[in-house]
Amino acid sequence: QKEVEQDPGPLSVPEGAIVSLNCTYSNSAFQYFMWYRQYSRKGPELLMYTYSSGNKEDGRFTAQVDKSSKYISLFIRDSQPSDSATYLCAPRQGAQKLVFGQGTRLTINP
Amino acid sequence: EPEVTQTPSHQVTQMGQEVILRCVPISNHLYFYWYRQILGQKVEFLVSFYNNEISEKSEIFDDQFSVERPDGSNFTLKIRSTKLEDSAMYFCACLRTGGSTDTQYFGPGTRLTVL
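In order, the protein sequences belong to chains A and V.
Each position in the first sequence, counted from 1, maps to that position plus 189 in this note's numbering.
Each position in the second sequence, counted from 1, maps to that position plus 79 in this note's numbering.
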């Protein structure tokens with residue numbers, strides 16, 4: 190079983206839609222759950238993160254972690270064409286390596 | 080805002096040649112990492128470095144790879160004898176303390192092309 194699984198998409202939605210991006214993971218030792226955004230041929234850019242279970246909101250973005258089911262979600266409200274990118278979930282344990290999912294390629298159509 | 084820088088942005092080399100990829104992490108960060116991403120694939124961990132030594136390395140990080148922090152500001156990845164399959168984007172990242180409010184920051188990457 191892969192440590193982190195993420196549907197690679199592609200996912201295409203109209204502008205203004207609510208987007209739901211998800212990952213599952215197998216390592217119960219993960220404590221920190223990151224979401225990075227990556228544009229083509231660029232480095233991952235931190236979007237938001239949560240520590241342990243729960244929700245965290247930042248503007249139009251909400252990150253959610255359910256450690257009991259090992260499920261990570263990112264919701265984007267009122268999606269904009271500028272949100273078009275690849276979204277990477279990346280949990281980690283302590284200061285250890287990030288373990289990336291495959292990334293979901295998202296396109297927001299005007 | 081402090082950022083991670085990497086040089087060169089693109090390196091083309093012949094198979095069998097040595098390459099050194101350079102990174103300047105954020106100045107007060109203590110943990111350093113190299114990741115790579117083969118085109119169309121996921122970002123993969125290579126190595127982590129803390130307190131002037133390797134703290135973890137992946138199966139990819141074999142004897143052909145080495146890392147150094149030669150002068151307290153630069154962090155380098157050396158590939159001794161490049162192979163075609165080393166062609167990828169290489170990202171440097173750093174982390175300040177590893178605590179609950181801490182996150183890894185990535186550089187823009189070096190695109191390595193091995194011919």
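The set of hints was computed from the structure by calculation and includes no laboratory data.
There could be a bad hint or two in this list.
Stated by the list, open to error - Selected chain A positions facing chain V (Cβ under 10 Å, derived; list incomplete):
no., residue
1, Q195
2, L200
3, R230
4, K286
5, F289
6, G292
To be verified - To be clear about the criterion: a stretch of chain V counts as covered by chain A if any three or more of its residues have a C-beta under 8 Å from a C-beta of chain A, and this derived list gives those stretches:
no., stretch
7, 122-130
8, 139-145
9, 153-162
Just so it is clear, CB atoms sit at the ideal spot from N, CA and C, and this is done for glycine as well.
Each hint, compared with the structure:
no., hint, verdict
1, Q195, "holds, 8 Å"
2, L200, "violated, 17 Å"
3, R230, "holds, 7 Å"
4, K286, "holds, 4 Å"
5, F289, "holds, 4 Å"
6, G292, "holds, 6 Å"
7, 122-130, "holds (count 5)"
8, 139-145, "violated (count 0)"
9, 153-162, "violated (count 0)"
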